[in-house]
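Colleague: Residues per chain are reported as follows:
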Amino acid sequence: MLRLWRWFSFRHLRSYKGRALLCLLGVALGVAVFIGIKTAASSAMSSFQATVTSLAGTAELQVIGQGTGFPEGLYATVVSADGVRAATPVLEFNVLAAPPLDEPLLMLGIDVFSDQEFRQYQFIESEQTSGAILSFLTEPGAVALTEKFAERHGLNLNDQLEIFAGSKRLTFTLRTLLKLKGPARALEGNVALVDIATAQEAFDRIGRLDRIDLLLEEKTSTKMVVEDLRKLLPADVRVEEPNQRLGRIQEMVDAYRLNLLALSLIALFVGIFLIFNAVAFAVSKRRFEIAMLRVLGTQRWQILGLFLGEALIVGLLGAILGVGLGLVMAKLALKAMAQTISELYLLVRAETLTLSPLVILLGTGPALGVALLGGLVPSLEASRTLPKEALYRGTLERRLHMNIGKVSLVGGVVLALGYLCSQQPPVDGLPIFGFVAAFLILAGFSFLAPASVLLVNRVLAPVLARTFKLEGQMASRYLGRSLNRSAVAIASLMTALAMLISISILILSFRQTVVVWTEQIIAADIYISPAGRITGQRGGLPSKLVDSLPQLPGVTAVERLTETPIRIGEVVALLDATDLVVKEKFGRIMYRRGSSRDIMRRCREQGQVSISEVLSNRLGLGEGDTIEIPTPKGVESLVIAGVFYDYRTEGGMVIMDQSTYRRYWPEDRRYTSVALYLDSNADPEEVRAQIRRNLDQSQEVFITSNRELRREILRIFDQTFSITYALQIIAIVVAIFGIVNTLILLVRERERDIGVLKAVGATNRQVQRMTVLEAGLMGFISFVLGTVNGILLSLLLIFVINKQSFGWTIQFSIPPGMLGKTLILVLVCSVLAGIAPARAAVSKKVSEVMRLE
Amino acid sequence: MSVAQNVQPHQRLGWLRWTVLASLVLSLLFGLALANARQGAETFRRALPGYVFQFPQDHAAHPEFRTEWWYYTGHLIAAKGRRFGFQLTFFRHALRPPAPERKSRWALNNLYFVHFAITDEEEGTFRFQEKVSRGALDTAGARSEQYHVWVEGWEARSQDNSHKLRAGKEDMGIDLTLVPTKTAVVHGKDGVSQKAVGEGYGSHYYSLTRMHARGKLQWRGSSLEVSGQAWMDHEFGSNQLREYQVGWDWFSVQLNDRTELMLYIIRQREGRADPSSSGTLVHPDGASEHLPLEKFKVETLSSWHSKKSGTTYPSGWRLRLPSKQLDVRLIPAVEDQELTTKKSTLVNYWEGSVRVTGNYRGKAISGLGYVELTGYDTAFRPDI
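Going down the list, the sequences are from chains D and E.
Numbering follows our numbering, with no gaps: position 591 of the first sequence is 591.
Numbering follows our numbering, with no gaps: position 361 of the second sequence is 361.
These aren't lab readings, by the way, just hints derived from the structure by calculation.
Be careful, since some hints might not be right.
Okay, derived cross-link-like pairs now, DSBU-like style, lysine-lysine, Cα gap no bigger than 30 Å in a straight line [stated by the list, open to error]:
hint, chain 1, residue 1, chain 2, residue 2
1, D, LYS335, D, LYS803
2, D, LYS544, D, LYS633
3, D, LYS231, E, LYS169
4, D, LYS181, E, LYS307
5, D, LYS219, E, LYS308
6, D, LYS544, E, LYS103
7, D, LYS331, D, LYS803
8, D, LYS179, E, LYS182
9, E, LYS308, D, LYS181
10, E, LYS103, D, LYS219
11, D, LYS803, D, LYS821
12, D, LYS223, E, LYS103
13, D, LYS633, E, LYS169
14, E, LYS169, D, LYS219
15, D, LYS821, D, LYS469
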């Protein structure tokens, strides 16, 4: 058998390197996407986990404040609570190392003494550092950095480190270095330590703490301690186990991963078609050899084994290549994921990929499955071939024709199932059924492909005949007759196109929605925010600056915003307190229903709140319901006056009036950003320059114009979707492979017919035109099917999958320009793909191909 | 054989009682003890001759000095004559002079440590606990106007004429009232207990050599009524040690005839006893005598090897004051009374209850004592 294989298969693979490679690439892409996404997600997760667990250390419980933390006096309360064995206070800041370093840093203010039981910080000992460690502990402005960070930036002991924190530019002195162990490993070493007193002083947080980590007495029930502490602490201070934080992130990464995994499965789906093509090609190419083998007594199962073996080899090689490609993809995806996590939860830096053998297995396994599945039908066909049939093509063709009704029926049933799935609610907040529906739709359309080809072909036949005369007629007829090959190619191109079109529609609709939203919502002329604005940055603007704004010439109104992350149940949301009087008059909030003026007035006068649509979906609360908001004064039940559209965060938002906020958060005096409305004749540049002049040296703020802010929002939007753009390109590449493969295959199978045509007087040009036309026709049919399929999928993406996983309202719009461009792309690609086979078609001599007749 | 000869070369590294404390500060974090001893001593007051003690005021804290501790050791007896030893020590170490004031209440000025040990002499077991705190938000502190030192709920303070001690929890804790039965004895000469050659290399050091103890001992879940006798040391200074000094053997002896003896031997790097080593003999009537090194002899009888830390300590001593006709043997009540402090100091030292027997002025005599051995831990620090 092995010898047979070597003679039969290896020779073939070797002489058709190019084709084998194409096929291999197809499988590789599917595997790459799968492994890439999976690896990126698990790397992001493990880096996040490393960050969370190494930062939490041995802590069994954490007392966590929100926004500006909590009064330090609670430390004494917590330390003396029953069941608490040890406690340590922490202040946490996400800061930006000033350019040229320009990297995020997690700055921790700790009490090294009580921290000992929780975390193992290892300071590097050397002659140089001996006195410096004391300085680190006692000197204001002393900082410790990790070796890794210091080395990367060429920082030495006693060098200055400049950072942006909120609107402040702060300078620290590097006093000692940390080994990259324990908590210093978080963020891949982008960790800075300062003494807790230094932290309070430098960041203007005197008397406040962000967190207290706890160890419990042995034989103490964690639950009891949590309950006791909750009674002792204000409502806006949470008590939780460190891994609870992990759980929330896991959910987010899961959603992210699921979305992308679905895409990778689509790529593998396309891979099935590719393998089918390749093996079918191999079978047809060697029909004569098969016949010979059968005549010589080779068993059917041996023939089957030969072809399946080939498919498996291709699958395996593709899988190996895919692993490599996947790692490249993972690197890209990881960056995007780390960014998302950083924006929403906790500053993370993910650079290292954690590659698990399991993931590789999971990735290559389906590839082999795909190879087997794709190879099975043509291999069976080959093994069933009777020696005499091997010289003749017609039999199987007829068989498929007869079954078209059945195949279409299956397709219809699958589509109906898909519809049913699309109507199901989410599972655990994940749109599992939505994704199942997407697959069913893709599969259903694939089953419907043969019937659709016949249908479209019939409609188009007269047109083609009229336009392209005889060649057109022939092309259309050939396509109809070679349905078992062409339908597969068309289905594969259709799938790729459907993916491309649906995702394009989703992104473009979403983008259009966001564009409209930003135009409505960004109404002020100038926005001012702290320069060091990174995740969870809680710094405010200099109060002197904010106070001076109303007096600036050209300023009509000032809207001050205080933003604080809060937790409502298990949902992390942003609380925006703003001057609604100003917003009511000059700005806008896009409410989903009700008069916006009326809603804002109720918020202002009756202390009600508005919540974003995302939050409304997450909490299942709507207009007129009450929402429970944890504040330093206790949990407040506030009436929801309105629900507004917002596309800024996945977690949702609450808007209340400044007066309401000050009532419940009397100690928070920050303004985290400010919007200025100018006189119609004022020059924004002039005002901007004036604000700059009023700033101290040590203050750093962003002053953004209306236009710049809108542009920035769209830039972030595009960045977020950059991975998807990459996937779209992959989809197109896969699809083009499909066309080239199929056409070459079709031409090969048709050698004899072409010989006959040429024998009866067809010119080379006519034969070539006919082949290219057929290619174009396939492309067109795929496009039509792909568009219908894509639109259905996009509806599913927007109204089921998006709604269930994010809850955004996206205005559905089909961008005709995009469809037009795709059509042109498909036609050009398929015509180009037809050229090589067309050449091949006329390259053989009539006598040679007719020899066997 | 004198103690000086007994110090082996491999034991050359170590600490005085003073350094236990100083090293607490930094070694606990970075193994870089005494880095601060070199700098800034001038900003603290030094221990100079002429200091006049005033009681009870001098029981309270002396923040103008860098380092200060209150050391209680004692012997307790519960019902049925069950014997316990206890040690409770509060340390204060200033990392920077009090001025200038900083805004944050977490600003690190002083570090506070407590070491707390119980020896169950019947069971032959020993346990210790430790705490460390920067004293932010008054979770630890030492008041200077009135005697009160505390670290996270463990405390020592004066009340009327007595000292109140409280430390530990249910499984191991004490709540004791100590009443001095003799006046305070000031060690050294002219108010200074010299620790090395040179001005300022010393401390102000006094002891309450005989205190009556009564109160509660929490031990392994049961609460025991106890009474017994205790010894208190209080010492403060700023810059006492020289670089060539590596360790310290300290002895306190309470004889049954109400005579007490305190001796300390400072070991130099080459193994010699430092000439500043000295002691004090306290007579039953409270009168005391300074004992320079040449007046006493200390001989090691045996040694004990700690499996926990790998350190070998002397174990069992013969103390002689030939001119006073005093010759006693000190035998540890339990061999293992080693504190391997992981949290506050990273320093290993031996501090334990001993039983005393021998002759004084030709008569057989017995008593109780406490011994402290520092600087035997080779794993600690290579050099200053």
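Colleague: If a hint holds in the structure, say so; if it does not, say that too.
Modeller: Hints versus structure:
{"no.": "1", "hint": "D:LYS335 - D:LYS803", "verdict": "holds, 25 Å"}
{"no.": "2", "hint": "D:LYS544 - D:LYS633", "verdict": "holds, 28 Å"}
{"no.": "3", "hint": "D:LYS231 - E:LYS169", "verdict": "holds, 24 Å"}
{"no.": "4", "hint": "D:LYS181 - E:LYS307", "verdict": "holds, 28 Å"}
{"no.": "5", "hint": "D:LYS219 - E:LYS308", "verdict": "holds, 26 Å"}
{"no.": "6", "hint": "D:LYS544 - E:LYS103", "verdict": "holds, 21 Å"}
{"no.": "7", "hint": "D:LYS331 - D:LYS803", "verdict": "holds, 29 Å"}
{"no.": "8", "hint": "D:LYS179 - E:LYS182", "verdict": "violated, 53 Å"}
{"no.": "9", "hint": "E:LYS308 - D:LYS181", "verdict": "holds, 26 Å"}
{"no.": "10", "hint": "E:LYS103 - D:LYS219", "verdict": "violated, 40 Å"}
{"no.": "11", "hint": "D:LYS803 - D:LYS821", "verdict": "holds, 28 Å"}
{"no.": "12", "hint": "D:LYS223 - E:LYS103", "verdict": "violated, 37 Å"}
{"no.": "13", "hint": "D:LYS633 - E:LYS169", "verdict": "violated, 35 Å"}
{"no.": "14", "hint": "E:LYS169 - D:LYS219", "verdict": "holds, 14 Å"}
{"no.": "15", "hint": "D:LYS821 - D:LYS469", "verdict": "holds, 27 Å"}
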